[in-house]
Each structure stands twice: as structure tokens, then as C-alpha cells.
Amino acid sequence: MEIHALSFDRPLADSLFLCLLNRVDIRKREKIKRYWRWHDAHRALLADLLLRRLLSLKTNLPPSHFSFSLEKYGKPFLSDGNSLHFNVSHSGEWVVCIFDNGPVGVDIEQIKDIEYGLFEDCFACGEWEFLQDAGFSESLKRFYQLWTLKESYIKMTGKGFDTSLSSFAVKPHPGGKYSVVVDGMKQQGIFFREYDIDQEYRLSVCALNEDFPRSWTPVGLDKVLDFYLRDGK
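Everything in the sequence shown is counted per the numbering used here, starting at 10 for the first residue and increasing by one.
The set of hints was computed from the structure by calculation and includes no laboratory data.
With a straight-line cut-off of 30 Å between C-alpha atoms, the simulated DSSO-like cross-links for lysine-lysine are:
hint, residue 1, residue 2
1, LYS121, LYS168
2, LYS67, LYS81
3, LYS42, LYS232
4, LYS121, LYS186
5, LYS168, LYS186
6, LYS180, LYS121
7, LYS40, LYS121
8, LYS40, LYS67
9, LYS168, LYS67
10, LYS168, LYS180
11, LYS81, LYS195
12, LYS67, LYS42
13, LYS168, LYS42
14, LYS150, LYS168
15, LYS168, LYS195
16, LYS37, LYS81
17, LYS150, LYS186
18, LYS81, LYS42
19, LYS180, LYS195
20, LYS40, LYS168
21, LYS81, LYS40
22, LYS67, LYS37
23, LYS150, LYS121
24, LYS81, LYS180
25, LYS195, LYS150
26, LYS81, LYS168
27, LYS232, LYS40
28, LYS37, LYS232
29, LYS67, LYS232
30, LYS150, LYS180
31, LYS121, LYS37
32, LYS37, LYS168
33, LYS42, LYS121
Model the full assembly from the supplied sequences, consistent with the hints where possible.
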């Protein structure tokens with residue numbers, strides 16, 4: 010399993026953005042063009058570029074070689090039959106990409122002051138009690154902790170938000186361990202790991218094995234840009 014993360018704190022020059030936009034497939038290109046906030050457009054573009062760069066480095070194939078299809082519930086996979094599993098997530102100034110030999114899910118969220126009570130229907134009973142059993146500041150941290158864990162799980166399964174977030178609970182255990190509980194039954198063979206990436210963010214991973222890396226790998230924005238700009242890649 011590998012986890013790679015890239016950060017950016019300012020928009021790319023318009024000419025550079027448009028140049029890089031031509032490095033993604035037309036379906037993704039048109040989707041990116043519809044974003045009206047630069048942060049959203051840049052996150053989507055950089056996520057695709059990061060994924061393609063990493064796949065290219067792994068296979069020695071050009072980034073343009075890779076095309077993606079969608080599973081029943083919308084989770085992307087490689088169209089060429091490659092068995093490598095991947096998942097991407099982005100929030101704020103971070104883009105994260107994960108690879109594994111089996112289904113895997115990752116979620117990163119920027120911690121913002123929100124009225125998390127509006128999301129009560131997204132949590133199982135025990136989870137909501139866990140959130141309420143603390144002051145506002147701690148409850149907000151717990152909200153993002155549970156939210157990223159739950160999202161990483163539904164992304165791992167490939168069902169996304171077709172799975173009701175309140176239909177299962179993520180239960181904490183000593184030592185930073187977690188389990189998934191459905192109808193009172195612990196689900197076997199599901200594992201989680203949290204990573205420190207930025208004090209203003211939460212990052213969680215879900216997989217069908219415990220072969221988690223000790224840390225995530227930073228990827229410099231300049232390296233990604235140079236990869237695509239040299240030799241017209």
C-alpha cells in the first residue's frame with residue numbers, strides 16, 4: 010500500500026492551467042471547466058495529474074495511456090484490466106492518492122467550524138453519542154474523525170453515498186483501532202488507519218488488509234508540473 014499527498018496554496022497561472030488541462034481526458038476536462046471556484050478546479054485537475062503521474066512511474070507507460078471506467082456505483086478503475094486498486098481524495102489545499110492490491114478508500118477533510126448537528130442523520134446512534142460526549146471543540150474534531158473514517162469505508166466498498174452513512178457505525182478501540190458495526194454485528198476483515206498530515210485536516214484510510222505504510226509520501230507540486238511540461242508529456 011502507498012499513500013501520496015500533494016499540497017498547493019495558490020492558483021496556477023491561467024496559461025499553465027490550460028496547458029495542463031489538455032493532459033486529462035475530455036470527460037474530466039469538461040467537468041473541470043464547469044467548476045466556478047478555482048480551488049475546486051485545481052483540486053480536480055491536480056488529483057488526475059497526480060494519479061496519472063504515479064501510474065506512469067509504476068508502469069513506465071505515458072500518463073496519456075491510462076483511461077478509467079466506473080464501477081456500478083461510480084468508483085473509478087483502470088480500463089486496461091490492470092489489477093491495481095487506487096482511490097483519491099482532496100480537500101482545501103491537499104490532494105491524496107492511495108494504491109493497494111485490493112479495494113481501498115481514502116478521505117481527507119479540512120476541519121472547519123460547522124453546525125455539525127445538521128448531520129445527525131449521517132451517524133449511527135453510538136457514533137452520535139460519541140460526538141455529544143465532549144465540548145464543542147473536541148466534538149468538532151470527533152466529527153471529522155468519524156466522517157473521514159466513514160467516507161473511507163464507503164469509498165473502499167465502492168458503493169459511496171449509495172450506502173447510508175447511518176446504516177453502519179465505526180467503533181473506536183484502544184490503540185487507534187476501529188471496526189465497522191452493522192446491525193450490531195462487527196464486520197470482519199476491515200481495517201482503518203489515520204495519518205497526521207496537517208493540523209487543520211483529518212486523513213483516514215480503509216482497506217481489507219493491515220499492510221498500512223508507516224507514513225504518507227509527500228509529492229512536490231513542482232515535480233508534478235515538471236513531469237508534464239518536459240518533453241510535452
